[in-house]
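Chains as they are written, first to last, in the numbering used here: chain A, 1 to 405; chain B, 406 to 815.
The hints are simulated quantities; they were obtained by calculation from the structure and are not laboratory data.
Owing to the predicted nature of the structure, the values given are computational and were not obtained by experimental measurement.
Each residue gets a CB set at the ideal place from its N, CA and C atoms; glycine is no exception.
Treat the hints with caution; some may be incorrect.
What the hints assert, rightly or not - Selected chain A positions facing chain B (in silico; Cβ < 7 Å):
#1 22
#2 52
#3 55
#4 72
#5 117
#6 118
#7 131
#8 170
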Amino acid sequence: MMKHFLICIVAAFLLASCDFLLPPAPVAEDTLAEPLEGLTEAQQANHIQGDTEFARSFGVADGLGPMFNAPSCESCHIGDGKGHALTTLIRFGRMNGATFDPMTAHGGPQLQNRSIAGYLPETLPTLATGVTRLLPPAVTGLGYLAAVSDETLLALADPDDLNGDGISGVPNYDEPPDFFEPLPMHKPLNGRYIGRFGRKAGAIDLLQQTAAAYRNDMGITSDFIMQDLANVQTGAFTGDNVPDPEVSASVVRNVVFYLRTLKAPPRRNANATDVKAGEQIFARIGCAGCHVPTLKTGASDIAVLNEVEFHPYTDLLLHDMGAELDDKYTEGSAKTAEWRTTPLWGVGLSAQSQGGAATYLHDGRARTLPEAIQAHGGEASRSRTRFNALTGSEKQQLITFLQSL
Amino acid sequence: MKTVTFFICFLVIAFPVFAQDNKDSTQMQTRSVVPQNATTQNATTQDAVYRRPFITSFANTSIGGYAEANTNYFVQDGVTEGFSMEMRRFNLFIFSSISSRIKLLSEIEFERGTEAISIETALVDFEIDPALTLRGGIILPPVGAFNLRHDSPLYEIVERPLVATQIIPSTLSSVGFGVYGRYFFGDFIATYDAYIVNGLQDGIILNAEGRTFLQAGKVKEIFSESNNGVPAFTGKVALRKRGLGEIGASYYGGIYNRFRRDGITVDAQRSLHIVALDANATIGKVLLQGEAAMSIVDVPESAGEFYGRRQWGAYLDAVVPVWTGAVLDYTAATVNATLRVEHVDYNVGQFAATGGNIGDEVTAGAVGISFRPTPNTVFRLNYRQEFIRDLLGNVPVRRAGVQFGFATYF
């Protein structure tokens with residue numbers, strides 16, 4: 001009998017040792033949440049620290065709120081991928097003559113529609129004439145985008161459409177926050193810097209984007225933005241009773257480093273015949289005029305990001321998308337109909353982080369890629385017309401290509 | 406619908422035991438699968454706090470306890486933190502028979518070394534009659550069965566059932582007062598419990614878990630004062646058929662938030678309700694035990710859909726003795742094989758914006774083989790697999806691993 005017992009134990013151990021019982025890593029081609037290859041061990045340690053902070057959920061005792069949109073970074077960017085209607089941000093403002101008013105006196109420009117107990121969240125002011133809903137973007141590959149020099153972006157810009165292709169492309173010049181740390185790659189104009197993050201390119205660098213997200217999305221103050229949120233609509237300036245800053249500068253910097261060192265979204269089936277054909281159609285009908293396939297980073301303090309080519313399918317510039325996507329809301333020097341070209345890398349993995357049902361465009365209004373293409377007006381209308389003129393199989397090849405990104 | 410289906414399945418499994426005539430209960434008792442104070446015997450769940458090994462002599466004061474340690478090796482989607490060991494619990498019991506009708510029982514827990522030290526139980530019972538005993542102090546609210554019968558040596562699986570830690574926040578201790586008792590009729594024992602307690606507090610939402618998490622409502626202050634001055638109520642009724650099994654239904658509920666400060670109302674009164682069903686039975690050689698619970702939490706609209714308004718979970722263990730015999734000095738050693746299936750859903754419902762199902766759920770299974778040289782000591786080898794689905798319902802993360810450990814009364 002003892003023999004049977006021992007056999008059982010040994011068998012159980014052997015079974016448990018088998019690979020099929022211990023879950024293997026998902027296929028790298030389908031995974032977003034991985035660090036860049038080639039980081040040093042110290043950089044990997046920093047990456048993991050940032051990862052931990054990125055995943056951290058804040059509670060009332062940690063300083064969440066008093067108003068917020070989500071309790072953690074990961075709530076909006078699950079698996080580092082694109083967000084969901086649950087965490088769509090609402091921003092608002094109104095035109096004051098020719099000037100856009102972000103309505104800060106009414107709690108703008110971001111609506112904090114959630115709050116801790118005993119505190120009222122904001123409501124959308126009836127005076128707002130511009131209201132936009134912003135789906136959280138995927139955060140992979142941001143280190144590459146951050147490392148592209150302003151010079152490169154300015155070379156892509158064609159504000160007066162001198163080449164006559166119908167596509168202009170202008171940089172969004174933003175007022176830098178007081179903690180902005182300019183790099184040699186930045187080329188300011190009248191004290192403003194080129195924005196590249198956010199749907200309107202309203203943030204100049206990842207530090208600004210991250211510190212603002214801590215404060216505006218989660219109600220978490222940091223050494224960079226010490227002032228907690230307050231509901232000006234109700235006159236409640238009492239905050240959340242947690243001393244500020246609620247996180248230190250190093251916490252925010254860890255998250256920034258994490259974002260900088262996430263790998264680029266992986267390609268799938270890049271060499272498949274239909275994908276190749278779709279890629280050619282993508283260029284032929286003019287999509288690549290804004291969704292520029294290849295960019296090159298400038299000098300970077302992270303060796304693997306230093307002067308390397310990558311394929312984000314964006315030019316990080318603003319383009320007039322016409323009345324179809326004009327939410328009458330804007331940031332920085334962008335006009336209300338102008339949107340920063342959304343990087344298309346990772347678009348084929350959208351559904352993985354959106355609960356299995358992908359949505360597209362800045363507010364997730366499109367359920368399919370063809371639907372998203374149909375919403376492209378303004379500078380993109382010529383490409384849309386060409387898309388509509390494609391045969392059914394050509395359209396499918398284009399979609400197959402996009403799904404491979 | 407999924408919830409209802411699970412409850413029905415649970416009851417279908419649990420109820421037939423009462424329809425069976427167990428003609429061999431004596432034999433079952435000698436074939437000890439788990440300790441004497443566990444479910445194969447005639448002790449009710451209500452007895453669990455007293456039916457621990459050290460109390461058998463009923464001397465004036467006795468000291469006992471249990472210890473539990475285990476190894477962990479888990480892999481989550483190809484990533485592992487490697488092999489580690491933990492001293493999960495070292496608990497001390499003190500029992501005193503103060504007089505013929507007055508008893509004191511306490512349990513002090515050292516969790517993961519000295520990471521958490523807490524008094525889990527410190528209660529005094531005054532028995533007027535078996536049908537009516539007054540109880541007060543730090544009690545174990547009788548919600549579900551596991552909260553009352555949580556000692557590690559009683560179980561063949563290292564991990565506690567998810568429903569008993571994530572939905573019912575076991576081990577849940579509260580300061581409270583109430584009554585319990587039992588009635589005997591024929592082969593049946595009916596028990597009841599009813600207490601008022603300091604309830605779970607504000608942290609169950611808007612906490613560092615980012616979800617409704619009842620464990621986070623167990624704040625230290627729960628032993629000293631209520632945060633809102635409104636006691637929670639907890640009660641249970643159970644029916645045991647001698648030599649066969651038991652079924653129980655229980656409730657825990659009250660106002661969890663601090664809605665009033667200095668006499669001024671600062672928030673609406675927000676309620677929490679937990680309802681639970683538990684059952685155990687021995688059918689042939691197989692011990693079945695399980696529990697299902699649902700919580701309903703009044704979450705302010707402004708907190709958003711991150712925080713579940715309804716949660717539920719259930720588990721079922723099947724324990725089969727595969728060998729009994731003599732080993733070394735032990736004349737009735739037992740080897741048991743165990744299967745556990747379980748599920749918890751932290752956030753039942755649909756997203757308002759899309760109508761899609763809210764995820765945030767875990768489905769798990771474990772198989773184990775355990776060796777009991779005596780009923781009070783168990784060596785356990787478990788394999789466990791979990792499927793963890795995030796809030797949005799994306800493809801679940803898979804986590805699996807092996808645990809080996811022991812748990813023993815002393």
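Here's how the hints hold up against the structure:
Restraint check, residue 22 (chain A) versus chain B: the minimum CB separation of about 4 Å is within 7 Å; hint holds. The restraint placing residue 52 (chain A) at the interface with chain B is violated, with a minimum CB-CB distance near 13 Å, outside the 7 Å limit. Taking 7 Å as the C-beta contact cut-off toward chain B, the hint placing residue 55 (chain A) at the interface is violated, the least distance being around 9 Å. Annotation: residue 72 (chain A) was flagged as interfacial toward chain B, and the flag holds, the nearest CB pair being 5 Å apart, inside 7 Å.
A cut of 7 Å between beta carbons decides the hint on residue 117 (chain A): the least distance to chain B is about 6 Å, and the hint holds. Taking 7 Å as the C-beta cut-off, the interface hint given for residue 118 (chain A) holds, the closest approach to chain B being about 5 Å. Against a cut-off of 7 Å between C-beta atoms, the interface hint on residue 131 (chain A) is violated, since the closest Cβ of chain B lies about 15 Å away. Because the beta carbon of residue 170 (chain A) sits about 33 Å from the nearest beta carbon in chain B, more than 7 Å, this interface hint is broken.
The structure does not agree with the numbered hints 2, 3, 7 and 8 stated previously, though it agrees with the rest.
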